[in-house]
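Enquirer: So the protein lines, in turn, are chains A and B. 148 is the number that the numbering used here gives to position 148 of the first sequence; each next residue is one higher, with no gaps. Plus 148 on top of the position in the second sequence (first one is 1) and you've got the numbering used here.
Keep in mind the hints are simulated off the structure, nothing from the lab. Note that the Cβ used here is the ideal one computed from N, Cα and C, for glycine as well. Don't take each hint at face value.
Claimed, not checked - BS3-like, lysine-lysine: derived pairs with alpha carbons at most 27 Å apart:
(1) A:97 to A:13
(2) A:13 to A:128
(3) A:143 to A:97
(4) A:132 to A:42
(5) B:206 to A:42
(6) A:113 to A:132
(7) A:97 to A:128
(8) B:206 to B:218
(9) A:13 to B:218
(10) A:115 to B:158
(11) A:113 to A:97
(12) A:128 to A:113
(13) A:115 to B:189
(14) A:30 to B:206
(15) A:30 to B:158
(16) A:13 to A:42
(17) A:97 to B:218
(18) B:218 to A:30
(19) B:218 to A:42
(20) B:211 to A:132
(21) A:128 to B:218
(22) A:13 to A:113
(23) B:189 to A:113
(24) A:30 to B:211
(25) B:189 to B:158
(26) A:113 to B:158
(27) A:132 to A:143
(28) B:189 to A:97
(29) A:115 to A:132
(30) A:128 to A:143
(31) B:158 to A:13
(32) A:132 to B:206
(33) B:193 to A:97
(34) B:218 to B:189
To be verified - Simulated restraints, written as ranges between beta carbons of each label pair:
(35) A:135 to B:189: 26 to 34 Å
(36) B:154 to A:110: 42 to 50 Å
(37) B:187 to A:100: 45 to 53 Å
(38) B:189 to A:95: 18 to 26 Å
(39) A:113 to B:156: 27 to 35 Å
(40) B:204 to A:137: 46 to 54 Å
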Amino acid sequence: MSAVAGRFDELQKLGVEVLSASTDSVFVHKMWEEHELSKMTKSGIPWPMLSDGAGNLGKVYGVYDENNGINIRGRFLIDPDGVVQAMEVMTPPVGRKIGEAIRQLHAFQLVRKSKGTEACPAEWEPGKPTLKPGPDLVGNVWKVWQPE
Amino acid sequence: MAEEPVGCAKPTGTVVGQPPDSRNELRADAGEGGRPMVMVKVGGKAPDFQAPAYHRGKFVNVKLSDYAGKWVLLCFYPGDFTFV
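Assemble the whole structure, with the sequences as input and the hints as a guide.
Expert: Following this line, the structure appears as structure tokens:
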């Protein structure tokens, strides 16, 4: 979570709101934020930390582990229409890379702005060329895009 | 986000459209292992929910649909004070 907090300004510039959720109570969230996260971040955790004690949210998002009573790691990008554009679900011992979520946000925002006339190929990074799907591109992707 | 009164109960998040105590409903249409049939898919609507939250020193209630018109990064994680 502190890694996400470190890039929070960048997320805000992209117009992205952050929500985090675990099965801990709001009281535990308060203690964690005050006693640990605030020491790992510039200005603490700036977004709402949600309590999903019964796992109701985790169940519908497919991340609730009922044997352990926890939500496993799950990251969802939701667009302004409330549509899930991307998700990443991982078991607990490996952390996420927030840079990958930000890269995907740049890509989905570009596609949305182009009203679907542009697409981001594999390995795309902000600033790199996009693809313009259409009859002329069929069989010709190799002319405009090559793997690195 | 209005500040929520603090009681001794441990409130939890709920899915909008499901009653807070929806154990029977969940069981009725549950898939294998008691999982509800509603599952998130990319390209589909994110299920709306509301949940108690801690936000900058206050206890508030957050509803996903209040964020309509904005991009949202929603992160689930196993627990506070875990190491990763």
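Enquirer: When the structure is checked against the list of hints, which entries are broken? Sort them ascending.
Expert: Hints 3, 4, 10, 20, 25, 26, 31, 32, 37, 39 contradicted; others consistent.
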